[in-house]
Amino acid sequence: MTTLTKGPEALRLPAPAPAARRRGRWVTIALFLLPALVLFLLLVVAPMLVALYSSVFRWNGFGGLPTNFIGLDNFTRLFGSEIFAQDMWHLLVLVTLSVCVQLPFSLAIAMLLNQRMRGRALYRVVFFAPYVLSEVITGVLFSLILAPDSGMANRLLSVVGIESEWLANPDTVMPSLFLVMTWKYFGFHMMIYLAGRQNIPNELIEAAQIDGATAWETFRHVTLPLLGPTIRISVFLSVIYTIQLFDLVWILTGGGPSHASETMAVTMMDWGFKRSQVGYASAISVVMFALSLVFALVYQRFVMRRDLEGATTTMGGRR
Amino acid sequence: MKRCLVLVAAAVLVAGCSGGGGGTAAPQPSGGGSPAKVTLEWWHLSTAEPLKSLWAQRAKEFEAKNPNVTIKATVLENEAYKAKLTTITQSGNAPDVFASWGGGVLKQQIDAGLVKDISGDVGDVLPTFTPAALSAYQLDGKTYGLPTDIGLVGFWYNKKLFEKAGISEPPATWSAFLENVKKLKAAGVTPIALAGKEKWPGHYYWAYLALRIAGLDALKQAATDHDFTKPDFVAAGQQVKALADLQPFQKGFLGAAYSTPDGQSATMSNGKAAMELMGQWAPSVQTSSGKGLGEDLGFFPFPAVEGGKGQAGDAFGGGGGLTVGADAPKEAVDFVKFMTEMGNHSKAVESGGVLPVLKGEESAVKDANLKQVATLLAGASGYQLYLDQAYPPAVGQQVNDSVAELIAGTKTPEEVGADITEVAKSEG
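Residue numbers (my numbering), protein chains in the order written: chain Y, 1 to 319; chain L, 320 to 747.
Simulated from the structure, these hints should not be mistaken for lab results.
The reader is advised that the hints may include incorrect statements.
[Stated by the list, open to error] Simulated coverage check for chain Y against chain L, where a stretch passes if three residues somewhere in it have a Cβ under 8 Å from a Cβ of chain L:
no.	region
1	54-62
2	157-168
3	250-256
4	270-278
[As the list claims (entries may be wrong)] The calculated lysine-lysine pairs, modelled on DSSO-like cross-linking and capped at a C-alpha distance of 30 Å, are:
no.	chain 1	residue 1	chain 2	residue 2
5	L	K502	L	K403
6	L	K356	L	K403
7	Y	K184	L	K549
8	L	K560	L	K461
9	L	K570	Y	K184
10	L	K501	L	K610
Using N, Cα and C, we set each Cβ at its ideal position, and we do this for glycine too.
Using the sequences plus the hints, can you model the full thing?
Now the structure itself:
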């Protein structure tokens, strides 16, 4: 309150002392920040704390706050659970595939569409279009396309004698899921790469070409290094997305068959909302959060350090 | 990052907010002594005809009789219904009137103080119901709902396809059943349609086999001693595996849903599989999901298992009923009574959508197959509610899940017993 009343006073002074001016600025900042801060505390921080709290209780989610304290039992049970081990394995598989297949593919398409060619703008729009669809619509669409009996994919492929059970077989479900993920997200990464590529001055490329560099050498030694920051951020987004992968899987397979495509978020949903073991589900969400947080911090600290100089990692002291 | 936070936040918000209380009924005083205006939130899961229109019609009639009442119906398909109801009840609310299967799920809602004890309000009509239908809604001598349907799970089969495979009579024993499955396969017919993605239709096989092999009392006892590793339960698992090993299910069944255009019911309805193990609603869902089999559709009860401890006459299944939210206005109870009145309910029975729950309603059953179900039910030696409703949700879902793994061949019968036991113990 005192600072609030001092604010206008400070303004009336003909030449305010630097300290007072700085304080006035902080008041303004605080005022602008307040609504967002309240929302953030209420909708982000508070639920996180509640989740952390309920993760050490046996609790079915009904009535009041949990009372049956069981310490870290939920976590021991989680880390001993086969399903959770599978979830982690699926995460690893999907991250690896995304980074090693989906992103290079997006990069290749981006480079291709950076060439002068007829209908370039159209291709860009068409490739980006799947990203605009909601996850649920994508899920429903592909569960129809990949239906084993009457699905479009099998009808088309049966012409050349190939058929697959796609999502209905534990062995093919992960590749099929990855296919759908790629269909939906390669356009997004392509767009990021295109934007990154356009920030590279053409003079550099031309200079390389004048020096007699081949197309590959130009890409390898000029374009790729200069795309570094873009690639690092797209890997980051891709990994974080995969850790939280939920909607697409939920609609396409529900985590099945027989947990073969289950992700952490699906397991959490299953225990929290179908089985009413909210304490256990909270433990899963805490682990997911910790995993995302640790990855984000480590990645930003060590991989994206150069890109983020002065933004997050070196805050304080050196600004 | 933000998405992660939102996900966590959403999960916990729903979990964290509790004790909000109160349905959506907002009585507003209006002048002239006429009754206050009331909106009744009504949730049910009859998405298939004829019930879908019949229920809507009843609601209109109730509104006409009670001009102060508006009924707002939310109709969801089975899985979505369970998920949405769990979410809303965890937040401390319940709809004013909602469909319930009774059993362990209802008990959890009662323990949380979300369901109204309507014993006093319905005392006058209780004697009109059959005891079997009422039992799922009565706990500790109190009544928490009124039944709208009661039936049992059994095999619905395609007479033409059975003929094609040279099967003249439906099997009465489990070994004869397995033989028939082989015959159907040999004749190039898919023996069984199954919705592997949804899991609950698969749990019927294990539940029925457990009922036949271990017996009714063993299933009831397991609810209290949390032990599903007993030899009889493992034996039930072995029989499920024996069936699954014959590969009797349609192509891609692990990804199939129940009532979607490519699902279990449609496969059956379009004559692409010879049978399905399903409850009394199967014919009406078949009609709405595919061409329908008409006269070719037959019914036979789950076969007896040789040497099993269970009675061959024990039935497994459930019905449906309407329960009232704890904070619902009194009109909600009136509505439930209205829906289950003889004159109103028998119309639903006549349509073939539900089976009799009232004494003396049997004559309203028109369909020959449903008559058979009603007769079996009337003469049943014992009755077991669906396991995913009878047990607490975590245990029920684990039964569904484990049986799905058994059918998919990723778990052994012994592992399945151990997994269910572990979850049952975690419920404490």
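Evaluation of the provided hints:
A stretch counts as covered by a chain when three or more of its residues have a beta carbon under 8 Å from one of that chain; for the region 54-62 of chain Y and chain L the count is 5, and the coverage holds. Counting residues of the region 157-168 of chain Y whose CB lies closer than 8 Å to any CB of chain L gives 4, so the stated coverage by that chain holds, three being the minimum. A stretch counts as covered by a chain when three or more of its residues have a beta carbon under 8 Å from one of that chain; for the region 250-256 of chain Y and chain L the count is 3, and the coverage holds. With 9 residues bearing a CB less than 8 Å from a CB of chain L, the region 270-278 of chain Y meets the requirement of three and the coverage assertion stands.
Pair hint L:K502 plus L:K403 does not hold up; C-alpha atoms about 42 Å apart against a cutoff of 30 Å. Straight-line distance between C-alpha atoms of L:K356 and L:K403 comes to about 27 Å, which keeps the hinted pair within the 30 Å bound. Pair hint Y:K184 plus L:K549 does not hold up; C-alpha atoms about 48 Å apart against a cutoff of 30 Å. Between L:K560 and L:K461 the CA atoms are separated by roughly 41 Å; this puts the pair beyond 30 Å, and the hint is violated.
Under the criterion of a C-alpha separation no larger than 30 Å, the hint pairing L:K570 with Y:K184 is consistent with the structure, at around 27 Å. Restraint check: the Cα-Cα separation between L:K501 and L:K610 comes to about 26 Å, which is no more than 30 Å; the hinted pair holds.
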